[in-house]
Amino acid sequence: MKETKFSQMSMEDKIVTFVIYAFLTLITLVILYPIVYVVSASFSEPQAVISGRVKLFPVDFTLRGYEAVFQNGKLINGFLNSIFYVAVSLVLNLTMTMLCAYPLSRKEFTARGWVSLFFVFTMYFSGGMVPSYILVNKLHLLNTRWAMIIPTAMSTYNMIICRTYIMNNIPDDLYEAGQIDGCTPFRYMLQVIVPLSKSILAVLLLYYGVAKWNDYYNAMIYLYKDNLMPLTMVMREILILGEVDMTKVSNADAVAKLQGMSELLKYATIVVASLPVVMLYPAIQKHLVKGVMVGAVKG
Amino acid sequence: MAGNAKQGNNKIKAANWQFWLIIALPMIYAFVFAYIPMGGIIIAFKDYSIRRGIMGSKWVGFKYFQQFLTSTSSVTVIKNTLILGCYNFIASFPIPILLAIGINEVRVVWYKKFVQMITYMPYFISIVVLVGMMMSMMDQRTGIINTLLGLVGIAPINFFGKAEYFRHLYVWSGIWQTAGYSSIIYVAALAGVSQDLQEAAMIDGASRLQRILNVDLPSILPTIVIQLIFNCASVVSIGMDKVFLMQNDLNAGVSEVISTFVYKVGVVNSNFGYSTAAGLFQSLVAFSLLLIVNKTTKKLTETSLF
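One line per chain: the protein sequences are A and B, in this order. For the first sequence, counting from 1, position 25 maps to 24 in numbering that gives the first Met the number 0; every step adds exactly one. For the second sequence, counting from 1, position 120 maps to 119 in numbering that gives the first Met the number 0; every step adds exactly one.
Think of the hints as simulated: they come from the structure by calculation, not from any bench. Careful, some of the hints might be misleading.
Claimed, not checked - Simulated pairs of lysine-lysine, DSS-like, Cα-Cα distance not exceeding 25 Å: (1) B:57 / A:137; (2) B:263 / A:137; (3) B:263 / B:241; (4) A:289 / B:57; (5) B:112 / A:4; (6) A:106 / A:197; (7) B:111 / A:289; (8) B:111 / A:4; (9) B:111 / A:13.
Claimed, not checked - Covered, in the sense of this in silico footprint (three residues per stretch, anywhere, with C-beta under 8 Å from a C-beta of chain A), are these stretches of chain B: (10) 26-37; (11) 121-131; (12) 183-193.
Note that the Cβ used here is the ideal one computed from N, Cα and C, for glycine as well.
Chain B with its partners taken away, still in its complex shape (with noise of 0.2 Å):
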């Protein structure tokens, strides 16, 4: 092009204005699904009414911020959130590397197909199915779970009724559901391993156990760090699908988490303006925390995301 730079210009003008109009579908679509309701996070700081809209109605402030961050049964939720979110991240985070890595290790070639077949699978069951297989299979007196327990003497267990149980039950069950997918990305990572420091280190008498520990695991390092930012604001930002299903009476209060409270408040109760607060509150401290691991990484490994 930079023989005939004027005439090249021109089909680059040419072009860029098809290049506009293809995207200009998508471009609303963000600009009105997503650009629109980011405008609509004012109503956090004002006493919105419907019949008033969202210019007419009264400003606050921070009311709804003060109160979300001060009244205790806000509190509560909060505390809930990161107790959740923390126990979510630090149980699931590992359980995939050591699943990728067993599977890299074995040689078998239609075994390591039926491990990858079974494990990734439940990923694609829906939630309201995940929860209902729970609530069936562990009911206290007709479930298979404390009948298998009772042969081994072990007294039924009243799993969705005791608040105690509400934790383990959400982590394990998301283990159980997304372990498998979320080693895939370590199996690939794993298989591009370079194949000359793998014979390097046999020719050297490394043991199975050293290369995957002075092989393996620093060559996926980059990967894990990637993973590591990505899932580090699921600590605040714990998604309301799963936790509503197992939500009841009995576990509500260890199960309210931020966005079932954002749906009850607004959705259910219409007071738009306290759930907008809330909500926003929790996008803020994930995408704060994403930008602090992400410089964090970038500092300490050279890997990061942006």
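One chain only, chain A, in its complex shape (with noise of 0.2 Å):
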């Protein structure tokens, strides 16, 4: 289709362009306003970040805040256990997710009608915070760091996004040729399913990954030991329950300056958090439309 100029658009067309680009360009700088100012504030002098200075860029640039991040061993230790249970997380959602998508995607599979209710029931229901908690308790996982990854081992939609790309992108004329030449389905599922759904898998790998790195949720309710909690809790801690000792301090310029300092901390620590995510987010971004799209089919 031949697009118009601008300049030879109507009065009326003219007027509905220049307000679709004023609303983007309005609803595009509020979401990143408060990004660019986290990242400036997390390199600015903290009685600059508490009076006000900083606006957009940072004010007497400075590594302070950083540093603090780093000589805080119980961020570093929430940052390490993060990665741990994201790291060991993924091994588990991954497999999980492939030997359930397989079986349901092959219509060979007499029982997966029935099965697939089975796992699709469960998004729409569920037993709900203390039947789980009970039964965590029950299998003694509560307060291991196997709560944090056993009870999340597989998610119903991300298992469904990966059976329909199955189902759509891989031909059933391979299924049938490796039946002819005696491949199992098991060895089918290994050999040729897993090697072609690599970009799926890919996008799942971002998905459950983002999902496990952002939660806080399980580790509040499974877990009370401090050695054990992720980032999220720790940050809980920092930036929402503020835990900065003021007891020890007396005059007004020490409170303002620790104040100034734990401010600091908190854009700081938002900043090292998010890093991870990211990094990541460019080759997120390429994904994101592929797995919402697959998503979108329903059941």
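Dock chain one against chain two, each of which comes alone in its own frame, and use the hints as you go.
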């Protein structure tokens, strides 16, 4: 379709076009500003941050916020815990998702209608927090690292995405050809389905990884030992409960200094914690549309 | 397979056996972590004590449901959930559609990519970081938002200290975070709108706005309806993640919702039966809403989830 040039548009179209661009620019700025501000604040002098002198760009550039982050043992420990939870979870998540999605994608699996329903039902109805808590307790997972990994071994939603992808993108002929050559369903999965599903597995890796990295809910319910806490829980203490010890400080000047430092630490923490996801973002963005579209195909 | 049906049957049987073996682990997982807790719902009808176990505990029938639906404190909780859920649904549903229509109309490629990159990004920020950012940036004395408001002559606002701001903060920060991501599906749907229709409309002299209203919108209506069905249950099933982080003593009167109530009563205070009853009430209402909206839209627009 040939696009009309702006100068050749009717007056009405000009106004509509202008309104659309203005609307998008406004939304983009509103979303962008807080992100830019956090990054700028994390590189500024504490006093400049709390007195409001930092508005868009860093004022009196310093790395003191980041020094404070890397001297904070709890944050480091949380960071390492989160990496551990994400890494182990991903192996389990992807294995379980594939083991489930593949049989459900094959029409030769005669029970697949019922088995699909068995899984899909869990997306719409669940036992709720307390029965799950009692179960995790009974299984002796409470307050162990496994509580962060096993209860979230698979997401039905992601499994459906994977199943739909396999059904729509891998030709049935391959399966029949394999059958003739005596390839078993299990070998077919390992040697044909897995290599051909790399792109959807990459999408799921990102979905699962980001969800686990950002999760604090399971940790709050199932963990109470400090040394097991993921980064999100440590951040909750620092960012939201604002745990800074003010009792030892007597004069107003020192209080202000401590307050500035605590704000700086918060902004630097936010940047460090978001960094792994931000670094993955270009890769995520490339696959976003694909993931959303495959997922949108109904059950 | 029609020619040698018997051999085919044998093959299918052999394959089935292996499929069952492959899917066994996920099925055990779903059984243990989804269906056993569903069975555990029975404690909503029992005076549960860990010592006596689920089977040994005394049967109390609908006592907890009655308590949940009649006591003043829990009725406030139900009311808070519905107000927050409805406000959130009504405010956050149309914005991604508008955003997608805007993105679809942009012809300057780099600008389109830039808008998409920025608007999708906040979705990947963790809730803890989002709430932490809000609390720091909206601090009454040191927050940048109040500094900026000061420049235009508005006195500092104690955003987190006043209950009246809680709902707006919750809803609009949610829109800030998810509007871009939610628009992806509409952008994709708009990209699939028939070019023939567009050209025909142009030849007929339709203006840009007329094309949006009469070609684009009707074309993506099925997508909108599916999203509507998906989201309608959120009116009652506000999750606890963000509410719990934003909650403090000053806004507890409006911020206590069913999910945070379930957590406090159940996990914190160990009143398992009562907490499970409250949670069950919420899931049942959400599930029925989904079914009702699904049925209604099926009748009205012939689009449905199942």
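We went through each hint and held it up to the structure:
Our distance criterion of 25 Å between C-alpha atoms is met by residue 57 of chain B and residue 137 of chain A, whose separation comes to about 20 Å. In summary, the hint linking residue 263 of chain B to residue 137 of chain A is supported, as the alpha carbons are separated by about 20 Å, within the 25 Å threshold. For the hint pairing residue 263 of chain B with residue 241 of chain B, the CA-to-CA distance comes to about 15 Å; that is within 25 Å, so the pair holds. Restraint check for residue 289 of chain A and residue 57 of chain B: the C-alpha separation of about 52 Å exceeds 25 Å, so the hint is violated.
Restraint check for residue 112 of chain B and residue 4 of chain A: the C-alpha separation of about 20 Å stays at or below 25 Å, so the hint holds. With a CA separation close to 22 Å, the supplied pair residue 106 of chain A and residue 197 of chain A stays within the 25 Å bound. With a C-alpha separation of about 18 Å, the suggested pair residue 111 of chain B and residue 289 of chain A falls inside the 25 Å cut-off, and the hint holds. Straight-line distance between C-alpha atoms of residue 111 of chain B and residue 4 of chain A comes to about 17 Å, which keeps the hinted pair within the 25 Å bound.
For the hint pairing residue 111 of chain B with residue 13 of chain A, the CA-to-CA distance comes to about 18 Å; that is within 25 Å, so the pair holds. Interface restraint, the stretch 26-37 of chain B with chain A: holds (10 residues with C-beta to C-beta distance below 8 Å; minimum three). Evaluation of the coverage hint for the stretch 121-131 of chain B: fulfilled, as 9 residues show C-beta separations to chain A shorter than 8 Å, against a requirement of three. Remark: the stretch 183-193 of chain B is confirmed as covered by chain A, as 4 of its residues place a Cβ nearer than 8 Å to a Cβ of that chain, reaching the required three.
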